[in-house]
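Colleague: Keeping their order, the protein sequence lines are chains A and B. Numbering-wise, the first sequence is residues 1 to 309 according to the working numbering. Numbering-wise, the second sequence is residues 1 to 309 according to the working numbering.
Quick caveat, the hints were computed from the structure, so don't treat them as lab data. Misleading hints may appear alongside valid ones.
For chains that are exact copies, the list does not tell them apart, and a pair is met inside one copy or across any two.
[To be verified] Straight line, CA to CA, 30 angstroms or less: simulated DSBU-like cross-link-like pairs of lysine-lysine:
1. Lys189 / Lys121
2. Lys121 / Lys252
3. Lys298 / Lys237
4. Lys169 / Lys298
5. Lys298 / Lys170
6. Lys169 / Lys121
7. Lys169 / Lys252
8. Lys170 / Lys237
9. Lys169 / Lys84
Number of protein chains: 2
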Amino acid sequence: MAHSATEDHAPTLPPGVFAAALTPLHPDLAIDHEAYAEHCRWLLASGCDGLAPMGTTGEANSFSVAERIEALERLIDAGIPAAKLLVGTGCSAIPDTVALTRHAVALGAAGVLALPPFYYKNVSDDGVYAAYDQVIQRVGDAGLKLYLYNIPQMSGVALGHALIGRLTKKYPHTVVGMKDSSGDWNHMKTACEMFPGFRVYAGTEKYLLAIVRAGGVGCISATTNVTCALAGQLYAKRSSNEADALQQVLTKVRDTIEQYPVIAALKRLTAARTGRDRWRVPRPPHLPLDDERFEHLKADLERLGFVPP
Amino acid sequence: MAHSATEDHAPTLPPGVFAAALTPLHPDLAIDHEAYAEHCRWLLASGCDGLAPMGTTGEANSFSVAERIEALERLIDAGIPAAKLLVGTGCSAIPDTVALTRHAVALGAAGVLALPPFYYKNVSDDGVYAAYDQVIQRVGDAGLKLYLYNIPQMSGVALGHALIGRLTKKYPHTVVGMKDSSGDWNHMKTACEMFPGFRVYAGTEKYLLAIVRAGGVGCISATTNVTCALAGQLYAKRSSNEADALQQVLTKVRDTIEQYPVIAALKRLTAARTGRDRWRVPRPPHLPLDDERFEHLKADLERLGFVPP
């Protein structure tokens, strides 16, 4: 990967396991920057090769542009290496996406994770193409490494292979990869096959082993906020004969947590890990997981033999 | 309605026909403030009782908070009366909704039209309630008149009657109405029946006569950017024996335009009306209507005997 850095002076995002980092809040729902940096440090020390702050799990779209800019600055100031960050920057409005993308690139982020505009539904591929084209043109920085964010169940906009093909053809050094959170294994596998060198991260650790075997580079997941150690272990042993058994356990844990409201469940588990109650609180429209559901979640995880960190 | 103004010093939004005003752009996709004020003046002179700027049709969520603030200021500076405005302010992030809502209230807007947070899907009613509660508490202005914006096909969040009941019970003087763009006649009719005094605007002129007869106050529509004269005529004659026949014609025109990408079609028709080509251009992910489809649209409207203004 080093040659890429010499070619265009931008670091390449590491392969492996990423967490779509949770964003801790103060009781007044402002971002708790100290706890945020602490959590990100812990993730990087606990199995994560990189982080995707301000993704869906990080409640990105519940924060203003100004809040997101400050959060990233404070994170990097606190020592979280920009070279390990894939920063979520995709907003509903192009000027917001441009502002966040420019800022992340200026701070040295190895990549940005760009949702398509997500308010309007049933938009054409031509329209989505035009939106990404506008963002890239307006950012106008050769150092930009943009990863497409395919999460149609939230964004309402599916990024198909034809669209990926058009964007990577026009911007081969800029549109360099994708986080595929569609849950559609065939979609991500086909992207790996159709676009060699295009860096596909599965949006779940369920497909960590499969995506690496298919030529993808890793996973970026909500649940790795909690499963990072196990996912990191699997990634390290991906070529060993333990790999499939580890994947099975990891998949079961992921499937279990997914039965709950994911952000609330992960925040509650993180509150338990850190002993810091305020971790429980997400910003509306998300709400904290109540005690009863949390007890169920803990019991479900115990049955799997998974002890949350 | 006058007693309301003396009670809380806020004007009551007029009943009748509203257009969800289109937002004209310069070739660089910035808002064309002169053309915007001109269009809004024309709408108010051509059958509209009020306007809903920065709604779905106005491409609100394709603009930054700063762009939306400037657009409203320039509109009011240009003489568009704030007392006739229902200003779209609902964003994905609560701080953005709060900033836009405060600003609209400070400028004297008769109401704000507030989408629920729209990025996350499958959120609970409790979570949506909490989001509106946060907005109202943080705005903290007794002059705020908030209209719920029910447009689940875009927002991914349906505002059901139980939620409306909870919000109007807690905030009877603040949560005063709804724009119901669900297209679900029973939903809006039931809201009129269940909540007397709650001001329901149908999100389409198709239901103008029906909603008024059911106790609602009017319609707020995309297509009234073009059908305003006819819709205004129907509203004026709503108690006459011509009303049903007028509604039939209006409904057919609406149904016809809806067969096309609506924002693009309305912008193209407005470009034709004004002779100003730049009116054609929306912001991505929307794209202009091409010549071929525009010719089809014109032919379809001619067959109905509808001559666009």
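Colleague: Each hint should be assessed against the structure and marked as holding or not.
Modeller: Hints, one by one, checked against the model:
When the C-alpha separation of Lys189 and Lys121 is checked against a cutoff of 30 angstroms, the pair qualifies both within a copy, at 25 angstroms, and between copies, at 26 angstroms. For a Cα distance limit of 30 angstroms, the shortest separation of Lys121 from Lys252 across copies, 24 angstroms, qualifies, whereas the shortest one inside one copy, 33 angstroms, does not. For a Cα distance limit of 30 angstroms, the shortest separation of Lys298 from Lys237 inside one copy, 27 angstroms, qualifies, whereas the shortest one across copies, 64 angstroms, does not. For the identical chains of this complex, Lys169 and Lys298 are neighbours neither inside a copy (47 angstroms) nor across copies (37 angstroms), given an alpha-carbon limit of 30 angstroms.
Proximity of Lys298 and Lys170 under a CA criterion of 30 angstroms is satisfied in neither setting, with 48 angstroms inside one chain copy and 36 angstroms between copies. For the identical chains of this complex, Lys169 and Lys121 are intra-copy neighbours only, at 25 angstroms inside a copy versus 32 angstroms across copies, given an alpha-carbon limit of 30 angstroms. Taking the shortest alpha-carbon separations for Lys169 and Lys252, neither the intra-copy value of 38 angstroms nor the inter-copy value of 44 angstroms comes in at or below 30 angstroms. Taking CA atoms no more than 30 angstroms apart as the test, Lys170 paired with Lys237 passes in neither setting, with 37 angstroms inside one copy and 56 angstroms between copies.
For the homomeric pair Lys169 and Lys84, the shortest alpha-carbon distance inside one copy (26 angstroms) is at most 30 angstroms, but the shortest distance between copies (49 angstroms) is not.
Of the numbered hints stated above, those contradicted by the structure are hints 4, 5, 7, 8, listed in ascending order.
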